[in-house]
Amino acid sequence: MEVKPKSACDSCAHFNAAGLKKLGVNTKAFDHVIALAGNPNTGKSTVFNALTGLRQHTGNWPGKTVTRAEGAFEYNSEKYKLVDLPGTYSLLSTSEDEEVARNFILFGRPTVTVIVVDASRLERNLNLVLQILEITDRAVLCLNLMDEAKRNHIEINTRTLARDLGIPVVPTSARYNEGIPELIQTISEVAKGTIVCKPHRIKNIPKNIEKAVEHLSTEIKKEYPNMPNSRWIAFRLLEGDQHIIELLKSGEFEEYAL
Amino acid sequence: MMQKNIDNIIAQSNDLRWQIGDEFHDNLAEGIYADAAEIVKASVHKPNENNRLRLDAKIDKIITSKTWGFPLMFLILAVVLWLTIVGANYPSSMLADLLLETIHPALKGYASTLGIPWWLDGFLIDGVYLAVAWVIAVMLPPMAIFFPLFTLLEDFGYLPRVAFNLDHLFKLSGAHGKQALTMSMGFGCNAAGVVATRIIDSPRERLIAIITNNFSLCNGRWPTQILIATIFIGAVVPSSFAGIASLGAVIGIAVLGICFMFLVSWALSKTVLKGEVSTFNLELPPYRPPRFWKTLYTSLIDRTLIVLWRAIVFAAPAGAVIWLISNIYVGDVSVAAWLIQSLDGFGFLLGLNGVILVAYIVAIPANEIVIPTILMLTVLVTGVSGGEGAGVMFELDSVNATGDLLRAGGWTLLTAVNLMLFSLLHNPCSTTIYTIYKETKSAKWTVVASILPVILGFVVTFLVAQVWRLLM
Amino acid sequence: MNTYNPLVALVIFFGLSLLAYLLLRPHKGWIWLIKKGSHSNDKIIVEDILKRLYHNENAGKHLNVNDIVRTMRQNDKMVIESIDVMVNQGLIRMEGDVVKLTKLGSEYALRIIRAHRLWERYLAEKTGFSKSEWHELAERKEHELSMDETNRLAYKLGNPQYDPHGDPIPTNTGKMAKLKGVPVSELQVNTIGRIINIKDKPDIIYKQILAENIHIGSIIRVVEKSATRIVFHSEGEAFKLAPILAGNITVSILEKDLSYEEDVSRLNILKKNETAKIIGISKEIRGESRRRLLDLGFVKGAEVSIDLLNPLGEPKAYLIKGTSIALRNNQASKILIKK
Numbered sequence: 001m002e003v004k005p006k007s008a009c010d011s012c013a014h015f016n017a018a019g020l021k022k023l024g025v026n027t028k029a030f031d032h033v034i035a036l037a038g039n040p041n042t043g044k045s046t047v048f049n050a051l052t053g054l055r056q057h058t059g060n061w062p063g064k065t066v067t068r069a070e071g072a073f074e075y076n077s078e079k080y081k082l083v084d085l086p087g088t089y090s091l092l093s094t095s096e097d098e099e100v101a102r103n104f105i106l107f108g109r110p111t112v113t114v115i116v117v118d119a120s121r122l123e124r125n126l127n128l129v130l131q132i133l134e135i136t137d138r139a140v141l142c143l144n145l146m147d148e149a150k151r152n153h154i155e156i157n158t159r160t161l162a163r164d165l166g167i168p169v170v171p172t173s174a175r176y177n178e179g180i181p182e183l184i185q186t187i188s189e190v191a192k193g194t195i196v197c198k199p200h201r202i203k204n205i206p207k208n209i210e211k212a213v214e215h216l217s218t219e220i221k222k223e224y225p226n227m228p229n230s231r232w233i234a235f236r237l238l239e240g241d242q243h244i245i246e247l248l249k250s251g252e253f254e255e256y257a258l
Numbered sequence: 001m002m003q004k005n006i007d008n009i010i011a012q013s014n015d016l017r018w019q020i021g022d023e024f025h026d027n028l029a030e031g032i033y034a035d036a037a038e039i040v041k042a043s044v045h046k047p048n049e050n051n052r053l054r055l056d057a058k059i060d061k062i063i064t065s066k067t068w069g070f071p072l073m074f075l076i077l078a079v080v081l082w083l084t085i086v087g088a089n090y091p092s093s094m095l096a097d098l099l100l101e102t103i104h105p106a107l108k109g110y111a112s113t114l115g116i117p118w119w120l121d122g123f124l125i126d127g128v129y130l131a132v133a134w135v136i137a138v139m140l141p142p143m144a145i146f147f148p149l150f151t152l153l154e155d156f157g158y159l160p161r162v163a164f165n166l167d168h169l170f171k172l173s174g175a176h177g178k179q180a181l182t183m184s185m186g187f188g189c190n191a192a193g194v195v196a197t198r199i200i201d202s203p204r205e206r207l208i209a210i211i212t213n214n215f216s217l218c219n220g221r222w223p224t225q226i227l228i229a230t231i232f233i234g235a236v237v238p239s240s241f242a243g244i245a246s247l248g249a250v251i252g253i254a255v256l257g258i259c260f261m262f263l264v265s266w267a268l269s270k271t272v273l274k275g276e277v278s279t280f281n282l283e284l285p286p287y288r289p290p291r292f293w294k295t296l297y298t299s300l301i302d303r304t305l306i307v308l309w310r311a312i313v314f315a316a317p318a319g320a321v322i323w324l325i326s327n328i329y330v331g332d333v334s335v336a337a338w339l340i341q342s343l344d345g346f347g348f349l350l351g352l353n354g355v356i357l358v359a360y361i362v363a364i365p366a367n368e369i370v371i372p373t374i375l376m377l378t379v380l381v382t383g384v385s386g387g388e389g390a391g392v393m394f395e396l397d398s399v400n401a402t403g404d405l406l407r408a409g410g411w412t413l414l415t416a417v418n419l420m421l422f423s424l425l426h427n428p429c430s431t432t433i434y435t436i437y438k439e440t441k442s443a444k445w446t447v448v449a450s451i452l453p454v455i456l457g458f459v460v461t462f463l464v465a466q467v468w469r470l471l472m
Numbered sequence: 001m002n003t004y005n006p007l008v009a010l011v012i013f014f015g016l017s018l019l020a021y022l023l024l025r026p027h028k029g030w031i032w033l034i035k036k037g038s039h040s041n042d043k044i045i046v047e048d049i050l051k052r053l054y055h056n057e058n059a060g061k062h063l064n065v066n067d068i069v070r071t072m073r074q075n076d077k078m079v080i081e082s083i084d085v086m087v088n089q090g091l092i093r094m095e096g097d098v099v100k101l102t103k104l105g106s107e108y109a110l111r112i113i114r115a116h117r118l119w120e121r122y123l124a125e126k127t128g129f130s131k132s133e134w135h136e137l138a139e140r141k142e143h144e145l146s147m148d149e150t151n152r153l154a155y156k157l158g159n160p161q162y163d164p165h166g167d168p169i170p171t172n173t174g175k176m177a178k179l180k181g182v183p184v185s186e187l188q189v190n191t192i193g194r195i196i197n198i199k200d201k202p203d204i205i206y207k208q209i210l211a212e213n214i215h216i217g218s219i220i221r222v223v224e225k226s227a228t229r230i231v232f233h234s235e236g237e238a239f240k241l242a243p244i245l246a247g248n249i250t251v252s253i254l255e256k257d258l259s260y261e262e263d264v265s266r267l268n269i270l271k272k273n274e275t276a277k278i279i280g281i282s283k284e285i286r287g288e289s290r291r292r293l294l295d296l297g298f299v300k301g302a303e304v305s306i307d308l309l310n311p312l313g314e315p316k317a318y319l320i321k322g323t324s325i326a327l328r329n330n331q332a333s334k335i336l337i338k339k
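Just so you know, the sequences run in chain order A, B and C.
For the first sequence, our numbering begins at 1 and goes up steadily by one.
For the second sequence, our numbering begins at 1 and goes up steadily by one.
For the third sequence, our numbering begins at 1 and goes up steadily by one.
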């Protein structure tokens, strides 16, 4: 269960350009589902377009993609379906776009979740990243807009970042197609299990809440031993999320927990 | 067994919630940000804390300044609208030439050589084809100009600043600053404006923006306004001022639309929408140079063609209906003539006439075909020579000839003014109605958004007509 | 068209408009009144009497039949009939002239209070109704919610302990946390306390307090006290209140060493080129709005400064965690900062 931090240079050597085929909207038969999440204004749609060869409109606006867009690419003869989730600041609220994003990561069971963040505004973006890492343990951080960060003289140590987050970190400038090959390579390695993630879990919460979460999470684990995100479910229960409560009651979680 | 445990878990979670109290969400959010700060501290090195680009700050200072902010905004809006309306003239007339003057006769000729029965030929070519061609010719060029321009401003990051500058005005009427943008988008096309309300993330303000979008004069209605103003308003002033007077009248109508937008927004937020959740926040993203060609391409595909396609889908049956009502006879009169007769009284009360009301009923799918329909129906009921036959929409090349025809149909200055008002204040076109339903997923709000403007239109034109008749 | 006259048309139009207004106007329109009249008015009277008795008994006061008839804004005969019915049902008993609640009656009263306060909480968290409307809406809703619906509502809201005015909500077993506060009017100079309750009755006084922009959860320090006014400092502002207003605000007294920070102020007061640290978001921001602000990074300890002033005064854009976020003044005034 070792974490293998992934810097850009590790993967460029492996990237097999001949094995890449951008499939556009052709999302029929596929081997892996990749979810694309991220804050608004992080160039998420640009990453989506760079990966799929599509030309989705990328507005300089929060909340542009309200419905999810889908696309596909093929790499080393495996087909990847890419789902572009609505850009959100968080997954804790009840707005429609957050619900779409949350439900897909939780129940859509993507093989890998790619989290696109703005390198110049990492701290704000980590809010969403840390929440997603509570839900899924297969994720890749796409450190986008590196060009802007460089212009602002912001330096980011991707190795420490990958170590602290417990997932591979790939710096990109999707506008100029920089880092996209590395991103594809990393996605495929996480998908195939060559890279195993050990995601960060939220630490700075008051003792009484931590205790409550621990307690509930253990109880949930007793019911569903394979549930990877029992802590997140515990968070949602403490938040009083009716949707999750209904799902638990109806026993539908069993299907997802396999 | 299983179920019991789950109920147990839920019961426990309820007890824990009670113990923890209201603070849970706050604590969690603070905890996540504290973690984030620690992680960032370990791996990010920033030269200084304030990392806003200096260029960004400079641009912002001008754009949101007290002196330059508003003039700049109106200038940009004026330029965009001017480019759209004037720039669209040429491709529009070219398209009209091609689709209406060349292809339509060619199709007719072709049909007659094939020996297609007159009713099929009329239904398909004079009805369906003509309506679709008209919509394309009038709608496509302005949209192909307006949307890319708008999208460029959007991608650059200017539009959020407009929302920022104007928010206070919108707040006074219970709306969101971003409504300034969806409203402007409505000047291009109301359906697109309604889709654009997605950027408003507060439920109450979004509904307000959706319901009031129709008060933005869309590009399907600009030509009607300009034509009627030129014929009737321009004629009452000395000819040297005719241009300015008619332009002023059109701008006046657009501004009146904005006033109605504010008024109705205010009324909605104080009454039916009072209980809807309302939040506010507006992110001002960093400026990013838009990629010109890519933006052009995507806005053409994403906005223009999708909207155009929807419009065509709705216009086609409308064309068929227009042809049918003019050619199906009940007894001695066609359905159209019968409808016009029965609506004439009501039309008179509103300072309009039966022809206009029938035209607006059958032209619900697209405002673009209102004028051709009115002309065709006027010929139909007055028997004045002109036109190309029952159910065949047409437009006259000369503005004077159009004026003569309308006057022969009994039009006065009052009819013209009220038509301009009614063109502003009537139900949204069916594309927009459909879009409203898709966006709100609520039949109730769709009905409100559709009925409200038309009721306003009836009331306003009615009052204007009575007062006019009392005074004149 | 011979009979047509524009003036007649206008008169008919305005006549019809007036009729429609009279018929359909909410709460006072005829259709509304007819609908309301058909509802069981008796139930409402009974429940209102129970509530009144409960509140008075809690305050140590006892009412007689006359008091009740006088304070109820209803037909006197109907009130007296209702009291008879209530005695028969065992909800109240007469001790001489005084009307007292039985155990059954006080349980019933608590259920109504529970429904009322829960509904206020619901309105505060899940809807956009303004503060000044909660009470009146809840006054109507409390008679409509069944026990089952009330419990489900409580469950959905996470079994809250307090309503948005700071009043405790009875549990479904009738337990209720006690308010251990002191009215501001009784505080000595220099006492420090946290506002825990603002009475929403009587309406006139409540609306005056709201207009002063005083919130639950704010920490205050009394600086002046006289027979005519009470002055206290809170969150960087001074408030001067008449004793009658101050008497409707309850605070829990804090120990002196639990340092009251004189330099706490509100985000809307921040000036250009100043930087501040966020201390917290006032409890007045609830539900979705609160979650949004937290998500956007307005959390305890975050640094904030003004990024852009607005040509129209508001909203202002604040630089928080590297991004410029515009907030309206009424939101910013509920974010507490320390310069």
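In case anyone wonders, no lab produced these hints; they're calculated from the structure.
Backbone N, C-alpha and C define an ideal beta-carbon position, used for all residues, glycine too.
Incorrect hints may appear among the rest.
Result set (DSS-like, lysine-lysine): computed pairs, CA atoms no more than 27 angstroms apart in a straight line [unchecked claim]:
1. C:K180 x A:K249
2. C:K131 x C:K180
3. C:K156 x B:K441
4. C:K131 x A:K211
5. A:K249 x C:K156
Computed from the model, here is a short list of chain C residues facing chain A with C-beta under 7 angstroms [what the hints assert, rightly or not]:
6. G158
7. D295
8. G297
9. K300
10. G301
11. K321
12. T323
Now the hints, each set against the structure:
no., hint, verdict
1, C:K180 x A:K249, "39 angstroms, violated"
2, C:K131 x C:K180, "24 angstroms, holds"
3, C:K156 x B:K441, "24 angstroms, holds"
4, C:K131 x A:K211, "35 angstroms, violated"
5, A:K249 x C:K156, "15 angstroms, holds"
6, G158, "4 angstroms, holds"
7, D295, "4 angstroms, holds"
8, G297, "5 angstroms, holds"
9, K300, "11 angstroms, violated"
10, G301, "11 angstroms, violated"
11, K321, "4 angstroms, holds"
12, T323, "6 angstroms, holds"
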